[in-house]
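Student: Model the full structure from these sequences, guided by the hints.
Note that numbering that gives the first Met the number 0 has the sequence shown beginning at 0, numbered continuously upward.
Since the hints were made in silico from the structure, they are not lab data.
Just so it is clear, the structure is predicted and the values come from calculations on it, not from any experiment.
Honestly, I wouldn't trust all of these hints.
[What the hints assert, rightly or not] Here are the simulated lysine to any residue pairs, SDA-like style, with alpha carbons at most 25 angstroms apart:
(1) Lys-113 <-> Glu-99
(2) Lys-271 <-> Glu-331
(3) Lys-326 <-> Tyr-291
(4) Lys-240 <-> Ala-60
(5) Lys-200 <-> His-98
(6) Lys-1 <-> Lys-113
(7) Lys-200 <-> Tyr-291
(8) Lys-106 <-> Lys-240
(9) Lys-335 <-> Pro-315
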Amino acid sequence: MKVSRENALPVGLDTGLGQIRDWIESGRECVPAAVKGQVHPMDIKADYLAFLLKYKEDWSALKIAMDVSNGMASLFVRDIFGDQPAYIYEEMDGSFPNHEPNPLVQKNVEDLKKLVAQTKADIGVIFDGDADRVMFVDENSRFISPDLMIAVLGHYFLEERGEKGYIHQDIRSSKAVGEYLAPMGGVMNTWRVGRAYAALKLREIDGVYGGELAGHYYFRDFFYSDSGLLAAILIINVVAKMKAQGVSLSQLIGRIEKYQNSGEINFRLEDKKGAMDAVRDYFMQAEKSTAYMDFDGYRVEFPDWWFNIRPSNTEPYLRFLCEATTKELLDEKVAKVREILTTRFGAE
Numbered sequence: 000m001k002v003s004r005e006n007a008l009p010v011g012l013d014t015g016l017g018q019i020r021d022w023i024e025s026g027r028e029c030v031p032a033a034v035k036g037q038v039h040p041m042d043i044k045a046d047y048l049a050f051l052l053k054y055k056e057d058w059s060a061l062k063i064a065m066d067v068s069n070g071m072a073s074l075f076v077r078d079i080f081g082d083q084p085a086y087i088y089e090e091m092d093g094s095f096p097n098h099e100p101n102p103l104v105q106k107n108v109e110d111l112k113k114l115v116a117q118t119k120a121d122i123g124v125i126f127d128g129d130a131d132r133v134m135f136v137d138e139n140s141r142f143i144s145p146d147l148m149i150a151v152l153g154h155y156f157l158e159e160r161g162e163k164g165y166i167h168q169d170i171r172s173s174k175a176v177g178e179y180l181a182p183m184g185g186v187m188n189t190w191r192v193g194r195a196y197a198a199l200k201l202r203e204i205d206g207v208y209g210g211e212l213a214g215h216y217y218f219r220d221f222f223y224s225d226s227g228l229l230a231a232i233l234i235i236n237v238v239a240k241m242k243a244q245g246v247s248l249s250q251l252i253g254r255i256e257k258y259q260n261s262g263e264i265n266f267r268l269e270d271k272k273g274a275m276d277a278v279r280d281y282f283m284q285a286e287k288s289t290a291y292m293d294f295d296g297y298r299v300e301f302p303d304w305w306f307n308i309r310p311s312n313t314e315p316y317l318r319f320l321c322e323a324t325t326k327e328l329l330d331e332k333v334a335k336v337r338e339i340l341t342t343r344f345g346a347e
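Tutor: Structure (structure tokens):
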């Protein structure tokens with residue numbers, strides 16, 4: 000269940016859900032409201048489609064493969080994308096018979112990768128179950144890290160529309176994103192992981208757009224909220240323009256992607272705070288850092304590498320992500336973190 004306030008303001012752990020959880024766990028008595036709530040059925044599909052279709056440009060030269068994941072995107076994909084894509088799992092089915100509707104889990108993207116290869120598509124698109132997230136595969140069936148698509152969106156907002164201003168990213172995002180967008184006028188704003196934090200932060204800074212490693216993309220045009228459908232339209236617009244210039248999606252990503260990235264690694268342990276501090280302290284004492292953030296775990300940057308280590312809010316895990324200029328340096332740093340966490344904190 001996704002809870003929102005007026006004007007699409009998200010309700011998260013720190014903005015109401017935590018209080019509701021505490022009330023439930025305390026066993027406090029439920030008192031009937033003085034004024035009963037009301038349900039107002041509304042059909043806004045036509046208005047939503049009209050809004051989305053304003054952004055659609057010429058895709059006639061593109062081949063598109065699309066995995067709808069048997070989810071909510073099935074209500075809209077034919078109206079937006081028509082018969083142009085090769086579709087799989089287009090029928091809405093809440094039992095999700097073909098794969099879990101989470102594209103971050105790579106086994107769930109395998110069928111899309113095969114479809115891209117079979118149809119010789121220029122881009123593969125996959126939605127999650129409720130279509131607020133979307134992820135992409137290039138023409139070589141390679142999954143693209145969602146944070147890199149923040150950079151791709153710059154071609155629409157910063158180049159085509161000429162906007163300037165803040166672009167939001169979460170604390171795990173690649174340094175390559177900001178480096179790619181800077182010449183276009185994009186100024187990166189980094190903040191905590193999570194939809195409730197990102198949407199509120201984008202509104203607070205009046206950012207142009209933003210994105211997260213989880214595949215959420217947020218837009219000032221869309222009440223500072225996220226839409227997988229709008230993100231897909233805008234990304235396809237960029238890919239179509241690039242193809243007209245002789246640049247494939249993989250070549251575009253190759254211009255952006257400059258670093259070796261570990262992806263998020265989970266370590267199961269109990270003393271999350273002690274372990275985070277130990278990793279931070281070890282590297283900050285051993286090397287001179289160039290940037291430091293401490294609002295969602297820690298992100299510590301050095302001249303040729305950086306890491307983020309943060310606790311899971313719901314599970315006994317520490318999540319670690321590292322990026323470096325070379326594979327050798329990346330492997331060295333990951334091995335050292337693994338050594339610290341296993342020998343000193345019994346991490347699994």
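Student: Next step is simple, just say for each hint if it's right about the structure.
Tutor: Hint check results:
For the hint linking Lys-113 to Glu-99, the alpha-carbon distance of about 17 angstroms falls within 25 angstroms, and the restraint holds. Using a Cα cut-off of 25 angstroms, the hinted pair Lys-271 and Glu-331 holds, with the two alpha carbons roughly 22 angstroms apart. With a C-alpha separation of about 23 angstroms, the suggested pair Lys-326 and Tyr-291 falls inside the 25 angstroms cut-off, and the hint holds. Proposed proximity of Lys-240 and Ala-60 is supported: the alpha carbons are some 10 angstroms apart, at most 25 angstroms.
The straight-line distance between the Cα atoms of Lys-200 and His-98 is roughly 33 angstroms, outside the 25 angstroms bound, and the hint therefore fails. Between Lys-1 and Lys-113, the direct Cα distance comes to roughly 32 angstroms. Violation of the 25 angstroms bound is thereby established for this hinted pair. Annotation: proposed proximity of Lys-200 to Tyr-291 holds, straight-line Cα distance about 19 angstroms (limit 25 angstroms). Restraint check for Lys-106 and Lys-240: not satisfied, since their Cα atoms lie roughly 30 angstroms apart, outside the 25 angstroms limit.
With a C-alpha separation of about 21 angstroms, the suggested pair Lys-335 and Pro-315 falls inside the 25 angstroms cut-off, and the hint holds.
Of the numbered hints given earlier, the model fails hints 5, 6 and 8; all others are met.
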